[in-house]
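I would like the entire structure built from these sequences, with the hints used as guidance.
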Amino acid sequence: MSILEVSGLKKTYITRLGGNAVEALKNIDFSVEEGEFVAIMGESGSGKTTLLNILAALDKPTAGSVLLDGKDLSVIPESEAAVFRRENLGFVFQEFNLLDTFTLEDNIFLPLVLAGKSHREMEERLAPLAKTLGITELLKKYPYEVSGGQKQRAAVARALITSPRIVLADEPTGALDSKASDELLRLFTRIHSAGQTVLMVTHSAKAACCAGRVLFIRDGVVFHQIYRGDSSAEQLYRKISDTLVILSQGGDDL
Amino acid sequence: MKTAYYPHLACDGIRKNKRMFIPCMITTVCMISIYYILCFLSSVRVSRLIPRGAATAGAIFSLGSIVVLLFSLIFLFYTNSFITRSRAREFGLYNVLGMSKRNLVRIITLENLITFLISLALGLTVGISLSKLAELVLVNMLSGNIDLGIHVDGRALMRTVLSYSVIFALIMLVCVIRVYRKSASELLKSENVGEKPPRANPLFGLAGIIILAAAYRIAVSITNPVSTLLWFFAAVLMVIVATYLIMISGSVLLCRLLQKNKRYYYKAKHFVSVSSMVYRMKRNGAGLASICIIGTMVLVMLSSSACLWIGSDRSIRARCPGEINLDVHFSDPAQLSEENISVFRSAIKDFAAGRGTEPKNEGGLLYIGLTGLQQDSGLICGYDDTSAGVSFDDLRNILLISREEYAAISGEYPELEDDETLLLVDRCRFEGDKFTLLMGDVSHDYRIKETRTEAVLRDSSAQLIPTVTAVLSDPAAAIEDFDALTDGSVDRFSMEWKYYFDTGLSDEENSAFARDLETALGSLGFGGDAGSGYHYFFLDSRAEESADFYASNGSLFFIGVLLSLVFLLAAVLIIYYKQLSEGYEDSKRFAIMQNVGMTGAEIRSSINSQLLTVFFLPLFFAGLHLTFAFPMIRRILTFFALYDLRLFIITTVVSFAAFAVFYMAVYKLTSNAYYRIVKGASKQRI
Numbered sequence: 334m335s336i337l338e339v340s341g342l343k344k345t346y347i348t349r350l351g352g353n354a355v356e357a358l359k360n361i362d363f364s365v366e367e368g369e370f371v372a373i374m375g376e377s378g379s380g381k382t383t384l385l386n387i388l389a390a391l392d393k394p395t396a397g398s399v400l401l402d403g404k405d406l407s408v409i410p411e412s413e414a415a416v417f418r419r420e421n422l423g424f425v426f427q428e429f430n431l432l433d434t435f436t437l438e439d440n441i442f443l444p445l446v447l448a449g450k451s452h453r454e455m456e457e458r459l460a461p462l463a464k465t466l467g468i469t470e471l472l473k474k475y476p477y478e479v480s481g482g483q484k485q486r487a488a489v490a491r492a493l494i495t496s497p498r499i500v501l502a503d504e505p506t507g508a509l510d511s512k513a514s515d516e517l518l519r520l521f522t523r524i525h526s527a528g529q530t531v532l533m534v535t536h537s538a539k540a541a542c543c544a545g546r547v548l549f550i551r552d553g554v555v556f557h558q559i560y561r562g563d564s565s566a567e568q569l570y571r572k573i574s575d576t577l578v579i580l581s582q583g584g585d586d587l
Numbered sequence: 003m004k005t006a007y008y009p010h011l012a013c014d015g016i017r018k019n020k021r022m023f024i025p026c027m028i029t030t031v032c033m034i035s036i037y038y039i040l041c042f043l044s045s046v047r048v049s050r051l052i053p054r055g056a057a058t059a060g061a062i063f064s065l066g067s068i069v070v071l072l073f074s075l076i077f078l079f080y081t082n083s084f085i086t087r088s089r090a091r092e093f094g095l096y097n098v099l100g101m102s103k104r105n106l107v108r109i110i111t112l113e114n115l116i117t118f119l120i121s122l123a124l125g126l127t128v129g130i131s132l133s134k135l136a137e138l139v140l141v142n143m144l145s146g147n148i149d150l151g152i153h154v155d156g157r158a159l160m161r162t163v164l165s166y167s168v169i170f171a172l173i174m175l176v177c178v179i180r181v182y183r184k185s186a187s188e189l190l191k192s193e194n195v196g197e198k199p200p201r202a203n204p205l206f207g208l209a210g211i212i213i214l215a216a217a218y219r220i221a222v223s224i225t226n227p228v229s230t231l232l233w234f235f236a237a238v239l240m241v242i243v244a245t246y247l248i249m250i251s252g253s254v255l256l257c258r259l260l261q262k263n264k265r266y267y268y269k270a271k272h273f274v275s276v277s278s279m280v281y282r283m284k285r286n287g288a289g290l291a292s293i294c295i296i297g298t299m300v301l302v303m304l305s306s307s308a309c310l311w312i313g314s315d316r317s318i319r320a321r322c323p324g325e326i327n328l329d330v331h332f333s334d335p336a337q338l339s340e341e342n343i344s345v346f347r348s349a350i351k352d353f354a355a356g357r358g359t360e361p362k363n364e365g366g367l368l369y370i371g372l373t374g375l376q377q378d379s380g381l382i383c384g385y386d387d388t389s390a391g392v393s394f395d396d397l398r399n400i401l402l403i404s405r406e407e408y409a410a411i412s413g414e415y416p417e418l419e420d421d422e423t424l425l426l427v428d429r430c431r432f433e434g435d436k437f438t439l440l441m442g443d444v445s446h447d448y449r450i451k452e453t454r455t456e457a458v459l460r461d462s463s464a465q466l467i468p469t470v471t472a473v474l475s476d477p478a479a480a481i482e483d484f485d486a487l488t489d490g491s492v493d494r495f496s497m498e499w500k501y502y503f504d505t506g507l508s509d510e511e512n513s514a515f516a517r518d519l520e521t522a523l524g525s526l527g528f529g530g531d532a533g534s535g536y537h538y539f540f541l542d543s544r545a546e547e548s549a550d551f552y553a554s555n556g557s558l559f560f561i562g563v564l565l566s567l568v569f570l571l572a573a574v575l576i577i578y579y580k581q582l583s584e585g586y587e588d589s590k591r592f593a594i595m596q597n598v599g600m601t602g603a604e605i606r607s608s609i610n611s612q613l614l615t616v617f618f619l620p621l622f623f624a625g626l627h628l629t630f631a632f633p634m635i636r637r638i639l640t641f642f643a644l645y646d647l648r649l650f651i652i653t654t655v656v657s658f659a660a661f662a663v664f665y666m667a668v669y670k671l672t673s674n675a676y677y678r679i680v681k682g683a684s685k686q687r688i
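Line by line, the protein sequences give chains A and B.
The working numbering puts the first residue of the first sequence at 334, with every later residue one more than the last.
The working numbering puts the first residue of the second sequence at 3, with every later residue one more than the last.
Hints are computed from structural coordinates only; laboratory data are not their basis.
We put the CB at the ideal spot given by N, CA and C, even for glycine.
Please note that the accuracy of each hint is not assured.
Pairs of lysine-lysine, BS3-like flavour, derived with a Cα cap of 30 Å [claimed, not checked]: (1) B/20 / A/474; (2) B/184 / B/20; (3) A/464 / A/404; (4) B/590 / A/473; (5) B/590 / B/18; (6) B/264 / A/464; (7) A/450 / B/184; (8) B/264 / A/474; (9) A/512 / A/464; (10) A/393 / B/271; (11) A/474 / B/590; (12) A/474 / B/18; (13) B/271 / A/473; (14) B/103 / A/473; (15) B/262 / A/464; (16) A/450 / B/18; (17) A/512 / B/184; (18) B/20 / A/473.
Sample of chain B residues with no beta-carbon within 10 Å of chain A, all distances over it, derived [said to hold, decoys possible]: (19) 57; (20) 281; (21) 393; (22) 512; (23) 526; (24) 600; (25) 603; (26) 604.
A short list of chain A residues far from chain B (calculated; beta carbon distances all over 10 Å) [unchecked claim]: (27) 412; (28) 439; (29) 444.
Here you go:
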């Protein structure tokens, strides 16, 4: 069953000067199955971020619908959007978005605190998660005291601790060095194999290799998609690179 | 083209940062105008309009203007450093883009020059237009002559321009040094430093609490008005230090303790507020403490100066019970005779008749005055000055009067043996049966026949020290031995006749009356024998006294209000800048929280609880400081002949209420600015 269904999604911005309409998303259709790991690739300005904002209920589409578990996101009123996000979605951002006033532990607890969970329950949920992510020793530290990779792992923990229906990751490796990136991607693979649905927006072909399916967006439409199928990581990598080359050359014959 | 480039950049810089520049300019305008007004009021022309006490008023205003100037200096430094700090990034960028430090300095100088010139022009305009109003209010308060012409005082103008130009030059210098000392990358980075979690030193917090407790103890326990003043300054210093320690360290400590309490901490309501409060307090503790100190200062100044001003009339009545007051001092007990006094009485009567009036509402007392101690045993004695370590609370004015005097006051002629006394106590309690007069080796004991609570002199409630009056069958005999002991010098005790009456004449006539009567009495003829005549006398009219009194108390109040205004403005600006800088800092945080799933309502309530706590902490502490300072200030006010407790309570409460309302208004205004910033930023998406 599809956990996420996007159909006919359209987003038009009116620029502040001159009132020109800019079409960020023209017509996006795709769906994500339960337990799937999907990567979305595209160049800057292709509409990736707009798409993610709409999926996260941070923005409303101009037309079209996004169904999460059959529920239409665009009908959720703004006041309930935050609660909806908290209960159904987990986020991992490029810039980690950890609060510098909190320890890593408190950062991870934030969604649970907002949900009004008891402290005992929080600790029970965190312990196994922290072990999986290898941050048990770091929990009492502040974001400025740990490395980027460690920060991102804490951010992943924050995204997972609410057991969300789907994890949205926005360029999760964008601010990491290659070693930390590799580690994080291994982590995503492990999370995915444990049954977590993940949707990742990325620039990096290497990151996209971890996914079971890669969607390519150009000029506001889904331009192409690649299924991993039985191909090895190397084969997938080559396919992705080829597609990217075609994308950048502006060709539209795939 | 090139010459217009820098002014253009400077104007642009001001316009882009108007959120910071405009409040600063408004404050500068106010300070300059207030400084000009104070200089103007202390000028010769205004002092001519004040009936009497012009010198006192002038001195108070010059002093006040110096305070304003000093405060302006400190304050403008603060705002300027705030502005340059928060613009460091902008300067850093210019620097990276190829502008040399010299060019930067040129822009900064131009910016400052423009804002300064605008502020100066506006400040002088406002000052000059309001100076007339200030003059009218002041002259009216001191009941002087109203003059309706508008004047510009050239010297005051020059002084204002010069003083503030110097301040401006100093600020410029510091600004330039600051820019030169930093490298471009430092400038670029300077906004992002200091994200370490604050580690409060528990010792500092604890020390703050202990010092504050000690200061409060001093304030409450010191009863001796003479040492009050000294202790007051000690307590003020301690309170200032303690406030800073508590706000900076104590509050961080408190937040840390709250964080330790998991049940409390991990609640949506407290989670965000407590953790960001830790940071906020560390960075803003000093600012909050300053606001608190300024607030307390304003409150003390307003309440006490208002109390002095409103209570002037009563204080004057206490000092001058009658419109004309005579105080004759004698040097020999034998001079304390009814004959001597009647010489004065008839001379005054004759003099008054010459002015077409007669003494009305007369009152007076012939007495021997000593200073004594009331002790636990119920003993009162004229004490030696060798007795060190005397408690001020035990001091008493002791008046010895004859039965005839008492009969003149009360209409009752008490039956007394030679060793008996009738004791009249005022504003103190006395339980004992023995009254002792003691000086050196000589002592006289009297059995107390009866003790009554009664004041023998009108308005004696205004005395600093309570009075005990002993009615004796022969007061002169009682001190004969002392007289011999002290070689006839009157240091240890005084022999006085106080006499006061009303004339029903106008104030001017009364002043003249007193002056002329003084001359007339000075040439009185007394008999040639030993018990005749007097030592010296004072004569004054209430009209003259009250003019002096009003001049000093009125100008004190006036300046109290003006200085309060200056300090309040400063506090407002500190608050405003605090809100601005915090708004920018917090906006990023709240955007993250919104992404993680915090609802708009939750963000708002969290902001509210933080703002309220941070904002009302200084107000709370100011109230607390004021409460504990109250007994001490009351004692100090007694130096200014003010003893009206109720009035002081009222002025204090009213000042605090007014301050709180004002504070609330500022809170509303500035928190709006804060909300706008936070909201604007949380609109940004991922």
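Verification of the hints:
no. : hint          : verdict
1   : B/20 / A/474  : violated (39 Å)
2   : B/184 / B/20  : holds (24 Å)
3   : A/464 / A/404 : violated (34 Å)
4   : B/590 / A/473 : holds (23 Å)
5   : B/590 / B/18  : holds (21 Å)
6   : B/264 / A/464 : holds (22 Å)
7   : A/450 / B/184 : violated (48 Å)
8   : B/264 / A/474 : holds (17 Å)
9   : A/512 / A/464 : holds (20 Å)
10  : A/393 / B/271 : holds (29 Å)
11  : A/474 / B/590 : holds (21 Å)
12  : A/474 / B/18  : violated (39 Å)
13  : B/271 / A/473 : holds (22 Å)
14  : B/103 / A/473 : violated (43 Å)
15  : B/262 / A/464 : holds (24 Å)
16  : A/450 / B/18  : violated (45 Å)
17  : A/512 / B/184 : violated (36 Å)
18  : B/20 / A/473  : violated (42 Å)
19  : 57            : holds (58 Å)
20  : 281           : violated (5 Å)
21  : 393           : holds (54 Å)
22  : 512           : holds (71 Å)
23  : 526           : holds (85 Å)
24  : 600           : violated (6 Å)
25  : 603           : violated (7 Å)
26  : 604           : violated (7 Å)
27  : 412           : violated (7 Å)
28  : 439           : violated (7 Å)
29  : 444           : violated (5 Å)
This entry does not satisfy hints 1, 3, 7, 12, 14, 16, 17, 18, 20, 24, 25, 26, 27, 28 and 29, going by the numbered hints stated previously.
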